[in-house]
Amino acid sequence: MFDIAVFLSLISLGYFVGRYLEKRHYHSINTREQALIKVITTNTKRPLGTLGKVNKVELVTGNAVISVDYFKRVAAGLRKLFGGNLTTYETLVDRARREAILRLKESCQGATQIINLRIETSSISQGKSNQIGSVEVLAYATAIYADAPQAGKQATAE
Amino acid sequence: MKYQARLPEHNSNISHEHPLKEFALLLAGLAIIMAALYWALGLAVDYVVPMISPEKEQHWFKTMRIDKGASHWISQDNTISPYDSPIFESLRSCANIEVPLTLWQVDSDQPNAVALPGGDILLFSGLFDHAPSENGLAFILAHELAHFKHRDHLRSIGRGIVLMTVTGFISGDSAALASLLTPAGLATQAQYSQTLESAADALALEILNCHYGHVGGATEFFENMLKEQDSSAIAGIEQLNHYFSSHPETQARIDNIEQLRQQLGFDKGP
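Chains A and B, in that order, give the protein sequences.
So the number in this note's numbering is just where the residue sits in the first sequence, counting from 1, plus 614.
So the number in this note's numbering is just where the residue sits in the second sequence, counting from 1, plus 161.
In case anyone wonders, no lab produced these hints; they're calculated from the structure.
Among the hints, erroneous ones may be present.
Said to hold, decoys possible - Calculated cross-link-like contacts (lysine-lysine; reagent style DSS-like; alpha-carbon spacing at most 27 Å):
1) K163/B to K659/A
2) K694/A to K182/B
3) K637/A to K182/B
Said to hold, decoys possible - Chain A stretches covered by chain B per the calculated footprint, using a threshold of three residues with CB under 8 Å from any CB of chain B:
4) 688-698
5) 703-716
A virtual CB, placed ideally from N, CA and C, is assigned to each residue, including glycine.
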């Protein structure tokens, strides 16, 4: 009896708290993405269009680690048996990726362009069973701080 | 080509289905598979058990028998001693059990009795408070003899192994999943066990009638248990526990024994 009570409280705690936190995180992600949308961010090797005088170029990184809740873990355990899309973990990866890029952008406010954006992902508890299921996403890029191009020239792709 | 700063309108990287829907679907699928496996293997156990003769059983479980000179059972807290009962041998012959059985008394507050594979029957001393008369105790002894006769101890071991194996195979290394599945299995097993208890009660009445010529005192133990429950337990919790309990609820059991007595036409006794 006691075991079941513990399990049910853990799973509902995971479900309700996990869902609330996820909703809050997505809200934060959406607002911040909207606020930072003006910064041109690409994965190209060269900046888009024409830049004015380049003042500074630097390597910027953003890093996020997100963990699953108890409910998602149990649901994933069930999914593991039957196969198919591991939907409960999709938001985990999506949130980690977007959060990492946001942190990267926030770390270089005032940059004209962010180029060469790369993303790497890893599982912190890789290979160990019954460990915390979490994902780490590292985003790194080159931030360019430049003056506005001289009059008459528009920013266009090469 | 102009660079356009725009966010996607729709997040196609994540599923927009309700997570509980998927969870319920998967859980239901798994429960069905597990129930089917458990049911099939349980039938296999029921098929095999009657083929094991008491002699064969005693031979197989020889190493599991309680040592004649043992003073403790399992833990150091439970002292154990051979229990001398003048009526036991007579009840045993009434039950047509030919192999020798050993009766033990275990010091414990629990009012319980267990038939172990190999031929040891344990009486927990809490029993004696609830069954003070000879007839009351005789019914409990007859009930355990009935379990032995029906090979119920082997069935429950067999089903226990089946349950553990099925749960283990399905949940694999996921402890969380195992804790989700085990209660479901235990509830199923409890349900099965309750039907065995009723069958054992019926045979116990026959044994009692064979020895005394009547079945007086058969419900003494349960009536005393009921009195104690009424004064202590909260009805709601009792009801919930019944779902996981291996024995029928006390009042239902008394009614059942009375019904069986009438069906078998045994004298109620003094």
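Now for the hints, and whether the structure bears them out:
1. K163/B to K659/A: Satisfied, since the Cα-Cα distance of roughly 17 Å is no more than 27 Å.
2. K694/A to K182/B: holds, 16 Å
3. K637/A to K182/B: It holds: about 18 Å lies between the C-alpha atoms, which stays within 27 Å.
4. 688-698: holds (count 8)
5. 703-716: Answer holds; 4 residues pass the 8 Å Cβ test.
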